[in-house]
Amino acid sequence: MTTLFSSAPSATPLAPVVEAHDLWKSFDNGRIPVIRGADLSVAPGEIVALWGSSGSGKSTLLHLLSGLDAPDSGTVSILGLDPALEENRLRLRRTGLGFVFQLHHLVPDLTVEENLRLPAVAAGAARDETTRRIGKLLNEIGLEERSEHRVQDLSGGERQRVAICRALVNRPRIVFADEPTGSLDEPTADGVFARFCHLAKKEGIAIILATHEKRFLAACHRVLRVQEGRAVVQ
Amino acid sequence: MSDFLRIIFVNVRRHRLRAVISVAGIAFGVAAMLTIVSIVLGAVSMFQDILSSESHYIVFEKDVSDLFFSSVVGEEVEALRKLPNVAEVDPMLVGIVSSPGHPIITCFGVEAGDARLRKARWIGGSASGFDSEKETVYIGVRAAEFLKAAPGDRVPIGKATFRVGGIFRTGNGFEDGGVFMPLPLAQVFFHRPDVVSLATVRLKETDDGKAFQKEVSHIFPGLVALEDREFNRNYSQFKILTMTSWTVGLFSFLLGGMGVANTMLMSVFARIREIAVLRVCGFSKIQVAGIVLGEAALLSVVGTALGFAIGLSGLAVMGAVPQLQGYVQADVRPSILGLIGLVAFLTAVGGALYPAWFASRIEPASALRFE
Chain C
1 MTTLFSSAPS
11 ATPLAPVVEA
21 HDLWKSFDNG
31 RIPVIRGADL
41 SVAPGEIVAL
51 WGSSGSGKST
61 LLHLLSGLDA
71 PDSGTVSILG
81 LDPALEENRL
91 RLRRTGLGFV
101 FQLHHLVPDL
111 TVEENLRLPA
121 VAAGAARDET
131 TRRIGKLLNE
141 IGLEERSEHR
151 VQDLSGGERQ
161 RVAICRALVN
171 RPRIVFADEP
181 TGSLDEPTAD
191 GVFARFCHLA
201 KKEGIAIILA
211 THEKRFLAAC
221 HRVLRVQEGR
231 AVVQ
Chain U
1 MSDFLRIIFV
11 NVRRHRLRAV
21 ISVAGIAFGV
31 AAMLTIVSIV
41 LGAVSMFQDI
51 LSSESHYIVF
61 EKDVSDLFFS
71 SVVGEEVEAL
81 RKLPNVAEVD
91 PMLVGIVSSP
101 GHPIITCFGV
111 EAGDARLRKA
121 RWIGGSASGF
131 DSEKETVYIG
141 VRAAEFLKAA
151 PGDRVPIGKA
161 TFRVGGIFRT
171 GNGFEDGGVF
181 MPLPLAQVFF
191 HRPDVVSLAT
201 VRLKETDDGK
211 AFQKEVSHIF
221 PGLVALEDRE
231 FNRNYSQFKI
241 LTMTSWTVGL
251 FSFLLGGMGV
261 ANTMLMSVFA
271 RIREIAVLRV
281 CGFSKIQVAG
291 IVLGEAALLS
301 VVGTALGFAI
311 GLSGLAVMGA
321 VPQLQGYVQA
331 DVRPSILGLI
341 GLVAFLTAVG
351 GALYPAWFAS
361 RIEPASALRF
371 E
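Taken in order, these protein sequences are the chains called C and U.
Numbering-wise, the first sequence is residues 1 to 234 according to the numbering used here.
Numbering-wise, the second sequence is residues 1 to 371 according to the numbering used here.
I should point out that these hints are in silico values taken from the structure, not numbers from a laboratory.
Just the calculated beta-carbon pair ranges, DEER-fashion: (1) U:V10 / C:K136: 21 to 29 Å; (2) U:V10 / C:K202: 28 to 36 Å; (3) U:A24 / C:K202: 49 to 57 Å; (4) U:L17 / C:E213: 36 to 44 Å; (5) U:R16 / C:D72: 37 to 45 Å; (6) C:G191 / U:L250: 55 to 63 Å; (7) U:L250 / C:D72: 45 to 53 Å; (8) C:R132 / U:S313: 46 to 54 Å; (9) C:E213 / U:V301: 44 to 52 Å.
Quick caveat, the model's predicted, so the values are computed rather than measured.
All residues carry an ideal CB built from backbone N, CA and C; glycine is no exception.
When you get a sec, could you build the whole thing from the sequences and use the hints?
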């Protein structure tokens with residue numbers, strides 16, 4: 001693949017961090033089938049794009065793969081844990097997974113730093129360690145000066161970068177991103193995607209993103225087109 | 001923990017108007033309960049103080065629900081005085097009348113040597129002619145204020161007019177806002193010849209109290225002797241008043257609790273996606289419920305503090321209003337404040353249980369699906 005962004009040339013054959021087999025999901029009591037028999041395996045440090053048009057089911061598949069939603073049938077294993085169990089979901093969200101959404105979903109009226117503390121609060125992490133971690137993350141994205149600003153005082157791009165930082169606070173091994181650049185202008189979107197590439201390459205974090213933007217696909221290790229409820233290798 | 005609390009504080013601050021409405025609901029509930037209960041307890045306490053002045057037992061007619069309807073005849077009073085363990089008997093006839101512009105004046109018909117007269121501090125005149133001066137009454141300092149009376153004046157009380165022999169202060173609202181009159185005069189005035197409402201009894205040896213009670217029930221089958229504390233516990237008027245005040249107070253709390261439930265539910269509905277994001281960040285169901293309950297608890301603490309301030313201020317104002325004749329002498333006990341605070345806390349947190357449960361069940365995928 002061509003590399004518009006600097007990601008790893010290929011994923012090394014390590015144990016998969018996410019494995020899904022024969023996933024089925026429908027809504028409205030089975031009347032609206034969305035995912036029909038999807039299979040997927042993702043390795044550490046791999047960037048996998050779930051690509052498709054609006055309504056193709058890529059977000060639904062992402063939710064199934066991340067344990068945010070439960071499949072009607074099929075199995076998902078994340079870092080060796082079954083996300084169907086609440087205790088496993090909590091453990092994964094607190095230590096193994098990070099999430100980024102199209103809308104940043106930061107908590108208004110909290111400062112940047114307070115927003116970034118949320119995952120650490122949930123995990124019961126030590127305050128000092130969290131403070132250092134947040135400082136480092138903000139430094140990496142050039143927002144350390146704005147840590148005390150409330151999120152409504154930030155631009156859209158800044159908010160999304162903060163949202164990525166929030167996903168990274170608890171040092172996840174996988175980041176799930178649902179249209180992370182969908183509401184950003186092109187230069188800002190490029191910066192956000194470059195950040196994902198950096199995370200995959202330098203920190204070995206697996207990135208699974210749902211997107212409809214073609215221009216980022218070349219930088220991904222794999223592109224799975226979500227079509228008629230299945231993930232087809234592009 | 002401090003970050004968790006900070007989330008709670010910020011959430012309350014973010015929804016200021018709702019928070020203010022909730023706090024106001026709790027505060028008014030607390031103020032209402034504090035005011036009502038303290039006034040009633042104060043009134044009961046004042047009445048108890050009158051009845052138990054320097055005495056150990058209260059003797060009155062058996063099976064009457066209200067002391068105003070109790071009748072103890074003069075012979076019985078004299079017989080009580082002759083009992084071997086009895087040191088002193090103070091008979092008292094209680095009646096309530098009104099005078100122009102003043103709906104309640106409590107009248108106490110007593111004898112000259114009554115303990116209640118002995119403890120009075122005389123502001124004007126004295127009780128030296130209590131037995132001898134005709135058509136003369138002795139009025140409390142608050143009654144003197146609202147009747148605009150001075151020693152030697154004539155004042156209208158009920159349908160009659162009396163000369164004021166003296167003005168006293170005892171510190172008891174009923175007494176200071178009432179009238180002492182010689183027992184024979186009171187018996188004529190209230191058309192109850194040779195009858196008193198009750199007799200307070202001081203014993204020589206209090207250890208023989210039970211024997212005294214048995215003696216009274218044996219000699220006077222129509223009377224009952226109750227120890228002061230026993231009387232306070234069993235007198236139905238006290239029980240009715242206390243129960244009523246707590247019931248009214250609790251209902252006002254329920255309104256406050258419903259306000260909290262409404263506020264918290266609206267607050268949760270408005271934050272469904274935000275709560276979903278908290279769940280995505282790793283917050284457990286218990287942590288999410290804890291945030292909602294914590295917000296309710298915070299509202300209850302602020303509301304309770306404000307309610308105490310409003311209630312205590314209201315009681316202070318009522319105690320000073322001349323029109324209330326000093327009858328409002330609130331009895332604000334730490335135990336009552338604690339109980340009200342506890343009820344406020346439980347009501348607020350109880351009102352937030354459903355919103356907390358609802359919030360804890362929010363699933364991220366469904367909440368975020370339609371972003």
